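K.L.:
These are the residues of each chain, in order.
2 protein chains.
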Amino acid sequence: MEQSFLAYLRGRCRSLPQVELGIGDDAAVLAASPHPRIVCTDQVIDGVDFLSAQHDLVDVGYKAMAINLSDIAAMGGQAESALVTLALPKKNATKIAGEVYEGILQAASEFQIAIAGGDLSTYRGRDVANTGDSDESRHNTESPLAISITLIGSLPDGPAWKRSGAQVGDAVLVSGHVGGSILGRHLRPTPRLELSRRLRELADVHAAIDISDGLSLDLDRLCAASGVGIELDIDAIPIHQDALRLAQQSGRTPFEHAWSDGEDFELIVSVSEADASKIAAIDLGVPLTRIGTMVGRTGLWKRVDSKFERLAPQGHSHL
Amino acid sequence: MEQSFLAYLRGRCRSLPQVELGIGDDAAVLAASPHPRIVCTDQVIDGVDFLSAQHDLVDVGYKAMAINLSDIAAMGGQAESALVTLALPKKNATKIAGEVYEGILQAASEFQIAIAGGDLSTYRGRDVANTGDSDESRHNTESPLAISITLIGSLPDGPAWKRSGAQVGDAVLVSGHVGGSILGRHLRPTPRLELSRRLRELADVHAAIDISDGLSLDLDRLCAASGVGIELDIDAIPIHQDALRLAQQSGRTPFEHAWSDGEDFELIVSVSEADASKIAAIDLGVPLTRIGTMVGRTGLWKRVDSKFERLAPQGHSHL
Chain A
145 MEQSFLAYLR GRCRSLPQVE LGIGDDAAVL AASPHPRIVC TDQVIDGVDF LSAQHDLVDV
205 GYKAMAINLS DIAAMGGQAE SALVTLALPK KNATKIAGEV YEGILQAASE FQIAIAGGDL
265 STYRGRDVAN TGDSDESRHN TESPLAISIT LIGSLPDGPA WKRSGAQVGD AVLVSGHVGG
325 SILGRHLRPT PRLELSRRLR ELADVHAAID ISDGLSLDLD RLCAASGVGI ELDIDAIPIH
385 QDALRLAQQS GRTPFEHAWS DGEDFELIVS VSEADASKIA AIDLGVPLTR IGTMVGRTGL
445 WKRVDSKFER LAPQGHSHL
Chain B
145 MEQSFLAYLR GRCRSLPQVE LGIGDDAAVL AASPHPRIVC TDQVIDGVDF LSAQHDLVDV
205 GYKAMAINLS DIAAMGGQAE SALVTLALPK KNATKIAGEV YEGILQAASE FQIAIAGGDL
265 STYRGRDVAN TGDSDESRHN TESPLAISIT LIGSLPDGPA WKRSGAQVGD AVLVSGHVGG
325 SILGRHLRPT PRLELSRRLR ELADVHAAID ISDGLSLDLD RLCAASGVGI ELDIDAIPIH
385 QDALRLAQQS GRTPFEHAWS DGEDFELIVS VSEADASKIA AIDLGVPLTR IGTMVGRTGL
445 WKRVDSKFER LAPQGHSHL
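These protein sequence lines are chains A and B, in that order.
Under the working numbering, the residue at position 119 of the first sequence is numbered 263, and the numbers go up by one with no gaps.
Under the working numbering, the residue at position 97 of the second sequence is numbered 241, and the numbers go up by one with no gaps.
It cannot be assumed that every hint is accurate.
Unchecked claim - The following residues of chain A were derived to be distant from chain B, with all beta-carbon distances above 12 Å:
(1) Asp215
(2) Leu230
(3) Glu254
(4) Tyr267
(5) Gln311
(6) Gly313
(7) Gly371
(8) Asp377
(9) Leu388
(10) Gln392
(11) Ala424
(12) Ile426
(13) Arg434
(14) Arg441
(15) Ser450
(16) Ala456
Stated by the list, open to error - One side only, chain B facing chain A, incomplete, derived with CB under 8 Å:
(17) Ala171
(18) His179
(19) Pro180
(20) Val183
(21) Arg307
For the record, the hints were derived by calculation from the structure and aren't laboratory data.
Just so you know, these numbers come straight off a predicted model, no measurement behind them.
Where a beta carbon is used, it is the ideal one built from N, C-alpha and C, also for glycine.
Assemble the whole structure, with the sequences as input and the hints as a guide.
P.N.:
Here's what the structure looks like:
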């Protein structure tokens, strides 16, 4: 399958100037750039990150790209090219690969990403058959579809937005609305690359992270990395309509969903008061809501009357 | 597991100047380079590319790095940093990850590669748990260990060594000795990065490929990509002692093993007669043997008396 599928892919992948030599050789060549490179990788696995019985594999392919694009956006970088690795169940391998790639190519087209290369393997296939196949009994033929994508981009002038750069007194902003992504948004998130690019022009972002595992959990990670805490304006947290809809089914409150649901893929950024004011005056196409202020006392806090009350981060940790 | 394992990894990974920001943020930052970047990715999967019941996982980790390093060498590039993605069986996930990383770090240390980042998932874990885990019955808990590595390097001045650049009249050279790697060499191949670097200084390499799927199969791929054929000097093919040893068990000839066994990870290069003579006069630390001459008639050929006889490529195709 690999040779004919690669021929199909070469036909589908647009030539973009960032890739000098793409699919078909032992490695790809990316055009020289005067900027530092920014790179990330994230995998999605059937039964862990999605359910093939339930989710459209075109959406799953799109999501695998989008979550990586979101990571680049959260660092203040620009995404340019991708390497795509698929581990495919033997049954319907070509059909599955085609559907997944359809979604990958949709995201690539939308964000001008070149597919520079990748790898395809089929479980129990003969990727390198001289290791033998005498071990038939050990693995289920239902070994899960796994999609691993590496994104490579560049970092414009100025530093990367680390998690560790937040300063006491910073205003903390969150993009869009959060909670309830499980109702469908999690499959087609909008990576905030354009917002990231605009923010980089406008402001000196001290720290940033994208919300993959829950607003409060990722906010807590950012605070912990920076050695600060946050005094939250709880009522300001922008709750997504999906969180309201989900609350009607779940028995939890819309706030709880906004606080702890994962896969919003919105950005949290920490900027100076002055930059926050500057940003607030400009239409960036996506709402940016101030949800709190960084304080010296570590942890997540809300003020109740004149006292601070500690809030527990909740969300979905990896592994 | 991920947080504590990442902390362990950060401690084990050496700081190298090519990585400005490594493990721990949403993406890594690689130092700017004036050269084009060269990138490749290859995965190895239990039951397909190795057998965990039989092979030491430290070796498997080393191999996962080495096969990617070999791809960079085959393009005439220099390897600099790696992103490592592991999909882990739930049982003994931390132990398995530790063993695999041990081999990865050995290769990284040997070839001065920085581990810039990666991803860890455990099958049926809760990488992103809001997709639920209601689908318990679909996948075997024995889902196989999969290791996917992306290598990023740079391409010194001059073009990449494509498969398609061989010219009629070129001398074709192969490094080292081939055949019988299954006896153990396939787990600890020596990527020919140093040889590649020396060849780049000495000669204008027209085309190159590394032997992953068998001497004759990869040679055929190089010829096909270049639109040429090769007249082979069959007796010159450097047969590895392992091919002789394997022939005693297999009932096949040592030549057959040299011709079709995969995973030698030696280089095949196509250079002008003049460059071949220049190279032959210099000790490169690894033998480079001339095995034939490129001809206009496509395919693999040997001369028997005054006639050409066509040879069939054999090896292990992917998928």
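K.L.:
Could you run down the list of hints and mark each one as holding or not?
P.N.:
Structure-based check of all given hints:
The claim that aspartate 215(A) is not at the interface with chain B is violated, since a C-beta of that chain comes within 12 Å of its own (minimum 4 Å). Not every CB of chain B lies more than 12 Å from the CB of leucine 230(A), the least distance being 9 Å, so the non-interface label is violated. The claim that glutamate 254(A) is not at the interface with chain B holds, since no C-beta of that chain comes within 12 Å of its own (minimum 19 Å). Its closest Cβ contact with chain B, about 6 Å, brings tyrosine 267(A) to no more than 12 Å, contrary to its assignment away from the interface.
Taking the minimum C-beta to C-beta distance to chain B, about 17 Å, the non-interface status of glutamine 311(A) holds against the 12 Å cut. Every C-beta of chain B lies more than 12 Å from that of glycine 313(A), the closest at about 22 Å, which supports listing it as non-interface. Under the 12 Å C-beta cut-off, the non-interface status given to glycine 371(A) relative to chain B holds; the minimum distance is some 14 Å. Chain B leaves aspartate 377(A) outside its interface by the beta-carbon criterion, the shortest separation being 25 Å against a cut-off of 12 Å.
No Cβ of chain B approaches the Cβ of leucine 388(A) within 12 Å, the least distance being about 17 Å, so the stated non-interface status holds. Interface exclusion of glutamine 392(A) from chain B stands, the closest Cβ pair being 17 Å apart, more than 12 Å. With a least beta-carbon separation of about 25 Å from chain B, alanine 424(A) lies farther than 12 Å from that chain, consistent with its non-interface assignment. Listed as a non-interface residue, isoleucine 426(A) keeps its Cβ farther than 12 Å from every Cβ of chain B; the least gap is roughly 24 Å.
With 12 Å as the threshold on Cβ separation, the claim that arginine 434(A) sits away from chain B holds: the shortest Cβ distance comes to roughly 22 Å. Taking the minimum C-beta to C-beta distance to chain B, about 23 Å, the non-interface status of arginine 441(A) holds against the 12 Å cut. With 12 Å as the threshold on Cβ separation, the claim that serine 450(A) sits away from chain B holds: the shortest Cβ distance comes to roughly 35 Å. Listed as outside the interface, alanine 456(A) is consistent with that label: its C-beta sits roughly 17 Å from the nearest C-beta of chain B, beyond the 12 Å cut-off.
Contact between alanine 171(B) and chain A, as hinted, is supported at the beta carbon level, the nearest pair being about 4 Å apart and thus within 8 Å. The criterion of a C-beta within 8 Å of any C-beta in chain A is met by histidine 179(B), whose closest approach is roughly 6 Å, and the hint holds. Contact between proline 180(B) and chain A, as hinted, is supported at the beta carbon level, the nearest pair being about 5 Å apart and thus within 8 Å. At a threshold of 8 Å, the smallest CB-CB gap from valine 183(B) to chain A is about 5 Å, leaving the interface hint in force.
Given hint, arginine 307(B) at the interface with chain A, holds; its Cβ is 6 Å from that chain's nearest Cβ, closer than 8 Å.
This entry does not satisfy hints 1, 2, 4, going by the numbered hints stated previously.
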